[in-house]
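Q: Sequence:
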Amino acid sequence: MDKIGVRAGSLSSPPAVDVIETEEEVRVLVDLPGVDPEQVTVELTGHMLTIAGERAGTEADDAKAVHVRERFQGSFRRSVPLPVPVKPDEVEAEVANGVLCVRMPKADVARSKRIPIKAAPKSTSSPAVGPEGI
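Position one of the sequence shown corresponds to residue 1 (the working numbering), numbered consecutively onward.
Simulated from the structure, these hints should not be mistaken for laboratory data.
Keep in mind that a hint or two might mislead.
So the derived label-pair ranges between C-beta atoms look like this [to be verified]:
(1) SER13 x PRO37: 15 to 21 Å
(2) LYS122 x HIS47: 27 to 33 Å
(3) PRO81 x GLU23: 19 to 25 Å
Calculated cross-link-like contacts (lysine to aspartate or glutamate; reagent style EDC-like; alpha-carbon spacing at most 16 Å) [what the hints assert, rightly or not]:
(4) LYS113 x GLU43
(5) LYS87 x GLU25
(6) LYS87 x GLU23
(7) LYS87 x GLU24
(8) LYS87 x GLU21
(9) LYS113 x GLU23
(10) LYS87 x ASP18
(11) LYS113 x GLU25
Every residue, glycine too, gets a C-beta built ideally from N, C-alpha and C.
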């Protein structure tokens, strides 16, 4: 602690993140209250989504004394591994009510597909296991 009630580590901390997977997409929700969207970058590199930015200082910067400062300010960077491959050209990001929502459609290889099982014709011999029937 720098002063009574002021924690040094709280001035610049990574934002809280939720990663949600649906049938069609991966959504990453990032808490960014008070952060100007113009000061935020979102980058997708392989299976890693990186959110970086800066929250400007508050009017308390010119105050005579700050007794408690818990809200983060300054630069932040958060990298989040994605659970499945996504389509990088279709990623969208928007901010509403201080929450950044990054929507990433799943790549075709990542989408699950149910494979129907066909019944083989009945025969008296056991089914073939390999190309030679072994």
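Q: Decide, hint by hint, whether the structure agrees.
A: Evaluated hints:
For the pair SER13 and PRO37, the beta carbons lie near 19 Å from each other, so the given range of 15 to 21 Å is met. Here the CB-CB span from LYS122 to HIS47 is close to 46 Å, at odds with the stated 27 to 33 Å. About 20 Å separates the C-beta atoms of PRO81 and GLU23, a value consistent with the hinted range of 19 to 25 Å. Straight-line distance between C-alpha atoms of LYS113 and GLU43 comes to about 29 Å, which puts the hinted pair past the 16 Å bound.
Our distance criterion of 16 Å between C-alpha atoms is met by LYS87 and GLU25, whose separation comes to about 9 Å. About 14 Å separates the Cα atoms of LYS87 and GLU23, which keeps this hinted pair within 16 Å; it holds. A C-alpha spacing of about 11 Å is found between LYS87 and GLU24, which places the hinted pair at or below 16 Å, so the restraint holds. For the proposed pair LYS87 and GLU21, the alpha carbon gap of about 14 Å is at most 16 Å, so the pair holds.
Proposed proximity of LYS113 and GLU23 is supported: the alpha carbons are some 10 Å apart, at most 16 Å. Proximity of LYS87 to ASP18 is assessed by CA-CA distance (about 19 Å); at most 16 Å being required, the pair is judged violated. Among the hinted pairs, LYS113 with GLU25 is consistent with the structure: their alpha-carbon atoms are about 14 Å apart, no more than 16 Å.
Checked against the numbered hints above, the structure breaks hints 2, 4 and 10 and satisfies the rest.
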